[in-house]
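Please build the complex by placing chain B on the supplied structure of chain A, with the hints as guidance.
One letter stands for each residue in the lines below.
There are 2 protein chains.
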Amino acid sequence: MDPQRIVIIGGSAAGPKTAARARRLAPDAHITMIEAGENITMSSCGYPFYIGGRFDERRHLLETPTGILRDPAYFKTNKDIDVLINTEVTRIDRWGKNVELRNLYSGEVSTLPYDRLMISTGSTAIMPPVPGISLPGVTALKTLPDADYIRKVRDEKQVKNAVIIGGGLIGLETAEALTVSGIDVTVIDLGNQVLPFLDWELAKLVEKQCLSHGVKIRLETGVEAFSGVNGHLSSVKLTTGDEIPCELAIVAIGVKPNNALAREAGLKIGENGGIRVNKYMCTSDPNIYAAGDCVELVNSVSGMRDYSPKGDQANLQGRVAADNMIFGDTVSFPGTIGTGIGKIFDFAAGSAGLNHFSAEAAGFDAVSILNSGTDKPGFMGSKSLISKLTVERSTHRILGYQCVGKGDVSRQVSEGAMAISANFTVGQMLSLDLPYSPPFSPAIDHFIASVHIMDNKLSGLIKGIGSREVWAQKNGGELRFIDVRELDEFEDRRLGIGEILIPLSTLRRRLKDIPFNNDTPIVCYCLMGLRSYEAALILTQAGFNDVRVMEGGMMAWPFPREK
Amino acid sequence: MDPQRIVIIGGSAAGPKTAARARRLAPDAHITMIEAGENITMSSCGYPFYIGGRFDERRHLLETPTGILRDPAYFKTNKDIDVLINTEVTRIDRWGKNVELRNLYSGEVSTLPYDRLMISTGSTAIMPPVPGISLPGVTALKTLPDADYIRKVRDEKQVKNAVIIGGGLIGLETAEALTVSGIDVTVIDLGNQVLPFLDWELAKLVEKQCLSHGVKIRLETGVEAFSGVNGHLSSVKLTTGDEIPCELAIVAIGVKPNNALAREAGLKIGENGGIRVNKYMCTSDPNIYAAGDCVELVNSVSGMRDYSPKGDQANLQGRVAADNMIFGDTVSFPGTIGTGIGKIFDFAAGSAGLNHFSAEAAGFDAVSILNSGTDKPGFMGSKSLISKLTVERSTHRILGYQCVGKGDVSRQVSEGAMAISANFTVGQMLSLDLPYSPPFSPAIDHFIASVHIMDNKLSGLIKGIGSREVWAQKNGGELRFIDVRELDEFEDRRLGIGEILIPLSTLRRRLKDIPFNNDTPIVCYCLMGLRSYEAALILTQAGFNDVRVMEGGMMAWPFPREK
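If you're matching them up, the sequences are chains A and B in order. For the first sequence, the working numbering puts the final residue at 1139, and the numbers step up evenly by one. For the second sequence, the working numbering puts the final residue at 1139, and the numbers step up evenly by one.
To be clear, the hints were calculated from the coordinates, so they are not data collected in a lab. Just to be clear, a hint being listed does not mean it is correct.
Since the list gives no way to pick out one identical chain from another, each pair is judged satisfied if it fits inside one copy or across any two copies.
As the list claims (entries may be wrong) - Straight-line distance between alpha carbons at most 25 Å, and here's what the computed PhoX-like set of lysine-lysine pairs gives: (1) Lys855 to Lys844; (2) Lys1039 to Lys652; (3) Lys844 to Lys982; (4) Lys652 to Lys728.
One chain only, chain A, in its complex shape:
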């Protein structure tokens, strides 16, 4: 017999998906969804775009694709699902199989029995325990009331300066939203880069874009205190001793899973604080499932449990959980691969799987390459793509793929994510049949070109060097640098790291002019990498024994240039 009473705690993403799917699978069940807040099924990933005025109608955050408001009445009339808003679950009684409820307006207390329970309590913004954190003007951007508050102060035009604490995706999206609203924004972060899902050199390119749009960024910097005047935020004191005057501070340093109910009910909690679930999204109690931001999952690339809450994953987990709640444990959730993407101004950044740093941290012997290219042929108005592909040295299996740029990053990261899900090796990706036509792709898709470069590196055809190592040895280290672009390109823009210019088009006939001996370590570079690769082959054939190519070329150069 199907379970007849299904209770769902939480009405944001995983909860409503579970409820809707359960209704479809069990037309006769009594389904109740309980939400502590005022709203349900909020498109919380849309908050930064609402704040920045990309759209002005708040109700769009709460609508179906055809514009119908998803409120309790909608769930009742369309899906026969009872939704209790402004209602808190205060306790789960696993032995009695019921939950205790409290209406947050009336204070009324009641109990609701269940056959199957779903915990989708979500997460809460982490707020650092520093003085002044409770001052008006200091907020997170996690809930719809948070978004309402920030949109309100933005619309009132009372804010001239804002500080954002945290340079992750939400921090940078919010930095853009406030900047385009005419507010002066400083982002501070404890780490040495923005967007920790990217490796350092790609994050640096995102940082450059932010700077070029007027956002100030202070890395390796924390908050000491929030200071107020007349009971309202007036500045942020930094760990460096500096103080930034501001009327708004947004804390975006991450979220923590809401695990209190589960913990108090004696359910197993993971090391990262998320509720532990098995592959069926079932907790340590066979009648209780959990999904979304409150759970922790296995990263299927690293094999390790991690906590990386995502709205799309919450929905997919909710669907799997509903199947298993209704029919018993039959459908598996495969685990996350940590895919993410974001857009900051006109620059996109995305990643799937492990970046090089996290691959090594997970114990892999990882090999990476950088690839600079474009999303289309030049004659179609191409835009930049810079990506990093990481594979396991011994197996050549793809571990991760990152891509940033003004071009079509979304397609590239999707390809990377699919390749990781398929557990592809380099050899299996060399000749993929991907959609090609000039409006959409160059003749060799950028992701495939990245695979080709990796193949060249693994087979020893190309010997790469990263920009950080080049930067460390600029102007006087052991390395010698040859810029192989043409003279006009060099006049227009150059690194100024002690390089000499020998255009590839002249290299074969100027081999005797090269002022280095055969054992000098030489680094070639060009704009994107293709010409330096050719130059390295020519030099190697000419007897130079240690020729490397600066990966990604000048397009991926994260440091200052002479010109």
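Same frame as chain A, but now just chain B:
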């Protein structure tokens, strides 16, 4: 010992890629590339965009991504590759291992010995043997001179009316190019749809877009003759008896592989006329390889040999062939999966794998679903995506994926192509971790949503019906139709096929008003499909025994509407 003399016949796509790769693998080899035409490495897929004025600099068709002209001098100085242009290979002497050359200007004849030979002779436009085919004003769009000619007459503004014979991708891209140039265009095609890589109902949506931009389309119509006045084309006579006055006719009914040299040399030719190669791109002569438009390959989904020449595949094949020419047969080309994409006006259309029609033709028991949706959340300014997913009934393995719409079709088709390459089943695709953020995707990616609909269909949760069957039974057949959208939507736009309107939001309380008995076959539909799916569940639960959902909803409706 490495082969020392490598000769490559053909300088378009596969040839130059083979030459460049061979140079990298064999720095000491003598590499010669022979091209009968004036130019090499032409971006022929860009011709329609050049013709339409998307860009005006012809040289962009012949440049590297950094703007360097790829001419024989470029190949010599950068790659030490000898390129002979305006030079025809007249014979391959397999026993002597040399090729006979003729300079097309001087008429001079010579021979060139090889250790390994690459045949990348490309393809030629098929011209129907009808009267008047040689009249000035009748042309293909296959070669750069063809493109030059069409661009010239376009720029001279002498053409008011043009007829395009063939409604494939090149035909429609050219139709757009001429239309945006102010020319009145009629496309005629023998088949009953445009874009044969799509199933009929998706092709119909592309056709509607073309019509809405003023392109006339005549299907199931052929050319009887081209007529001239004063020795120049003046009209096209159709098989229907009609005659269309025009000053330009472009024949785009397909291409045939240039196999004459290979055939005369006794190499094995396939049933489709393409040179037969094994998975190493090697012909029936172990010293002769072939790649690009002149070969035929195994479609790795159907397992059948087919001829589907593509520019990107030519490049990838050239890379594989070079590896095997130099190192012996070590690298395999996995075969094509028939991926293609194109953009016509602001509407894109793409496909990977087999469409439903071709899947059945290949002997599969295929199941398909249609999915209408969007590429982003509504509040980000979403655009339409309509797709069709086809799987094998017994194994649930993906066979094909098609997508059309104004939205980001490119990412969707890439996902489909990757899934097909990975040989994924429906179960393996339900919870893919794809990049999600409002600028790029709805919370559940459109491709994954398509997989969910397929899962629902395979598990019996949803019973679909195609729009063709609905159209066949409109206004008086056995089926009864319920439009479950809201009243304002119905007032705004409706099918008019004899439907009644019962909005989903009122359905549960109006069940008793439904004027059908329990065994009446009922079809529900809405705009995209979600509401009709919910309605079908409600009706089924209420005792109606035969309730179906019109797949893809009104967004995928290819027929005329009442309103």
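Do the hints match the structure? See the list:
1. Lys855 to Lys844: Classified as within: same-chain Cα gap 14 Å, cross-chain 53 Å, threshold 25 Å.
2. Lys1039 to Lys652: Result: close only across copies, 24 Å inter versus 63 Å intra.
3. Lys844 to Lys982: The answer is neither: 44 Å in one copy and 47 Å across copies each exceed 25 Å.
4. Lys652 to Lys728: Neither way: lysine 652 and lysine 728 sit 32 Å apart in one copy and 65 Å across, limit 25 Å.
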